[in-house]
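Protein chains in written order, with numbering that gives the first Met the number 0: chain B, 0 to 149; chain A, 0 to 365; chain U, 0 to 352.
Note that these hints are calculated values from the structure, not bench results. On a predicted model such as this, the values are computed, not experimentally measured, just so you know. Treat each hint with caution, since some may be false.
[Stated by the list, open to error] No more than 25 Å apart at the CA atoms, straight line, and that leaves these computed lysine to aspartate or glutamate pairs for DMTMM-like:
1. B:Lys101 with A:Glu350
2. U:Lys121 with A:Glu352
3. A:Lys353 with U:Asp239
4. B:Lys79 with A:Glu172
5. B:Lys75 with A:Glu172
6. U:Lys242 with A:Glu350
7. B:Lys79 with B:Asp91
8. A:Lys185 with B:Glu64
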Amino acid sequence: MKGEQKHGGTKTLALRAAIGVAYIGLLALFLVTGRTHTVLIDNKADPAGSWQAIRGMTVSVNGGEAVEYMKGDRDKVSVKGQKMRVRVEFFDGRDTEEYSLKIPFIEDTLLLSVPKLAEGLDNPMEPFNLYADNKARTDAEEGERFGQEP
Amino acid sequence: MKKQFVLKSFIADNLVAVIFLAITIASIPLSGLSPVHIIDDLMTRIGRNAFLVFSLILPIMAGMGINFGMVLGAMAGQIGLIFAMDWGIGGMQGLGFAALLGLPVSILLGWIAGSILNHARGREMVTSYILGFFFNGIYQFVVLYLFGSVIPLHNRAIALSRGFGVRNTLNLEPVRQVLDNAWLVKIAGVRLPMLSYAIIVVLCVFIVWFKKTKLGQDMRAVGQNQHVSNAAGIPVEKTRILSIVISTVLACFGQIIFLQNMGNMNTYNAHDQTGFFAAAAILVGGASLTKASIPNVFAGVLLLHLMYIVVPMAGQNLFGSANIGEYFRQFIGYGVIALSLVIHAWRSRREAEKARALLRSEGEEA
Amino acid sequence: MNTTDMHKRIKEAAADFGWPRIIIALFLAVLFILAPFVKVSIASSLSDIINRFGMNALLVLAMVPMIQSGCGLNFGLSLGVIAGLLGSTMAVQFGLTGWAGLFGAIALSTPFAVVLGWLYAKLLNRVKGEEMTIAMYVGFAAVMFMSIMWLILPYSSTNMVWGYEGKGLRTTITLDGYWNRQLSDFLAVRLSDNFVFPTGLILFVAASCAVMWLFLRSKTGTAMTAVGSNPDFARASGIDINKMRTTSVVMSTVFGAVGILLYQQSFGFIQLYTAPLYMAFPAVAAILIGGASINKASIVQVVVGTILFQGILTMTPSVINSLLQTDMSEVIRIVLSNGMILYALTRKSKVTR
Chain B
0 MKGEQKHGGT KTLALRAAIG VAYIGLLALF LVTGRTHTVL IDNKADPAGS
50 WQAIRGMTVS VNGGEAVEYM KGDRDKVSVK GQKMRVRVEF FDGRDTEEYS
100 LKIPFIEDTL LLSVPKLAEG LDNPMEPFNL YADNKARTDA EEGERFGQEP
Chain A
0 MKKQFVLKSF IADNLVAVIF LAITIASIPL SGLSPVHIID DLMTRIGRNA
50 FLVFSLILPI MAGMGINFGM VLGAMAGQIG LIFAMDWGIG GMQGLGFAAL
100 LGLPVSILLG WIAGSILNHA RGREMVTSYI LGFFFNGIYQ FVVLYLFGSV
150 IPLHNRAIAL SRGFGVRNTL NLEPVRQVLD NAWLVKIAGV RLPMLSYAII
200 VVLCVFIVWF KKTKLGQDMR AVGQNQHVSN AAGIPVEKTR ILSIVISTVL
250 ACFGQIIFLQ NMGNMNTYNA HDQTGFFAAA AILVGGASLT KASIPNVFAG
300 VLLLHLMYIV VPMAGQNLFG SANIGEYFRQ FIGYGVIALS LVIHAWRSRR
350 EAEKARALLR SEGEEA
Chain U
0 MNTTDMHKRI KEAAADFGWP RIIIALFLAV LFILAPFVKV SIASSLSDII
50 NRFGMNALLV LAMVPMIQSG CGLNFGLSLG VIAGLLGSTM AVQFGLTGWA
100 GLFGAIALST PFAVVLGWLY AKLLNRVKGE EMTIAMYVGF AAVMFMSIMW
150 LILPYSSTNM VWGYEGKGLR TTITLDGYWN RQLSDFLAVR LSDNFVFPTG
200 LILFVAASCA VMWLFLRSKT GTAMTAVGSN PDFARASGID INKMRTTSVV
250 MSTVFGAVGI LLYQQSFGFI QLYTAPLYMA FPAVAAILIG GASINKASIV
300 QVVVGTILFQ GILTMTPSVI NSLLQTDMSE VIRIVLSNGM ILYALTRKSK
350 VTR
């Protein structure tokens, strides 16, 4: 079954190399542009008291649906890609704000504290460990018991 | 005398489709389903399943019968999806990523399968069937033990609670119905996933084009007569292997399309019935073990899935038991394949005997 | 000087015996050696293997007639299993217990097995050359058809039907109180704490093997073998090929029916609905592991193959699971049994279409 194929010629080699590069390139492109992160949008006060929750707002991420958040609410949003535009409309009369955030590639789930964001504090968005020590099930719709960040 | 013969072969040609149609049509009123619901379901199923059935065309053309080994491609696609979900890649990118990863795996598996089939001439179908089982074992091993241990998994959410191995159900939320929704047209309550259809059309164009290429012609020649092709200088073994490789790759893509519509993947079972459904579809559509064309695929998918929508409900209403409908559905599915195989084998024997008789009488005259 | 000769001879012997078989035998030996180190009792393992051998041997034996007559591997064994299921469910329905139950079941199954086998043979005779795939799907379709039947047939015994509706058979029916372990316990010998030798069962299997052996040596048996290994010669000698093939298929189906009855009495349950779907595959794998090919099989191969196959199935879970702390048995079973079938399918055989 050995045909007379010459595995030679720089042309074939170049073609194969090009295909290989294109393949890896496409994979990387899909990976980077398609990677989705789960961001928990949080409107809770700091337990230590450094900041207060916002009394009512709507939040829209990357031009998506504007969701209402009252004090203590938490909801989740899927973000594709590494850039996140957060648009907050405050109920208490403050001007509508738009914030731009970068999501670190590695993280799957993050927690964004909007109060912290609104007050310009450091690190408004932090990685969220789904398997925190107290092993609480993390589903934003499911009630109050969310683990403290490690 | 000649007219009688033509009628007989026409019935035999389409016997399976005729029986199928009769049972299905009888079941429609019994099922109690509205026409809109039926058509809507049918349109979705066509978009979801047709691609997989196309993967059977080339091996049939190359004389290898039904390539039950297409399930190897399905497994490759599933492995691609596991990686894609590991990194949470969504949208078209997720599908593209899975397809790109599944591609080399399917090529490799297809090559292995084709080589093994070359050692089992005359028994290709049974061998490809067992190949499916064998590689299923390897797939289970890889997905149950290697993922998370030897193959690093980034996202713990898709691993089993013990730390390694992939979960039983893989959530495909990031890519759920991405193809369907990308270009959805609604007509009178029926949803049409246009992008899926577009992809199928592209595949049809590819197949038509491929059949005209040298490789395509080679495959057809090999399918008709291996000895003559060999004498004509066609690399028979390599051509057969290539038909299986292409079939496996198409099955990989087809399975990804199938799963994105389902939205969820049963990691360990999703591919179990892939070969069976595709085979039943193409055989019901009028293909035989040596001849399969694009119309066969469409007719078959239409008929088979219409049956699958209607018959279980009819069985349930008629007998008051959902189980009977299910069993009847599977019985018809298996029975159709058996019947098609029998008709085909019977006819090829008849033709062989007739050729022999002809040769004999010519010899006597001479 | 003669080392190269010996080398060559060893190589040839190995190739003849088949490398996969050697690997499997070695694998089994390794498992046995490892057993005591991982706290697996050899006595109970041996007991398990012997019991499983008895359970499965007849189903594997059923492969022999059809292989010898050139019909290939009997992937349609499920037809014989169905006959056995019909017989055993009827026996339970009639309230037969003990010996009456077991032999009643055999007596009731046989006519079904003969009829089913005869129809099956008629089909196979028309499709010479593609028997195996067709057998598979005919078997599948038959199992599905029977699944509908189990729901509809007028069984009424309270032990068998679903509780609140009173009709339709349950998925598993216990043989406790009927003929559970009837053969296995007959003349059983307790060799140690964990080791009970199922004398009755082994005797029955031995007797069946003897019957098959005698048959293969009879005039009909040799004619059957001739049809399988050299059809032209058989035709020239005036042997009716179709008749021989039919005989082989009927025999295979009958042995399949009795085989499932033996399996049931060891297992303790009648399994209906989709249980028979894939029952042919382990039997096929076993006989191939024993050294049979697609058109030649012997009794010795049946025994060796069943012992090796069941040995692997028994030892792998206990040893490897203790060793690696995980349950790999299912995966190993799938890879091994199907690998063996693949190996056999890819050997060159002298008789093609």
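Evaluated hints:
1. Between the alpha carbons of Lys101 (chain B) and Glu350 (chain A) the distance comes to roughly 71 Å, so the proposed pair goes past 25 Å and is violated.
2. The straight-line distance between the Cα atoms of Lys121 (chain U) and Glu352 (chain A) is roughly 18 Å, inside the 25 Å bound, and the hint therefore holds.
3. Using a Cα cut-off of 25 Å, the hinted pair Lys353 (chain A) and Asp239 (chain U) holds, with the two alpha carbons roughly 21 Å apart.
4. Proposed proximity of Lys79 (chain B) and Glu172 (chain A) is supported: the alpha carbons are some 13 Å apart, at most 25 Å.
5. Between the alpha carbons of Lys75 (chain B) and Glu172 (chain A) the distance comes to roughly 14 Å, so the proposed pair stays at or under 25 Å and holds.
6. For the suggested pair Lys242 (chain U) and Glu350 (chain A), the alpha carbons sit about 23 Å apart, so the restraint of at most 25 Å is met.
7. Between Lys79 (chain B) and Asp91 (chain B), the direct Cα distance comes to roughly 31 Å. Violation of the 25 Å bound is thereby established for this hinted pair.
8. Note on Lys185 (chain A) and Glu64 (chain B): the hinted pairing holds, with a Cα-Cα distance of about 23 Å set against a maximum of 25 Å.
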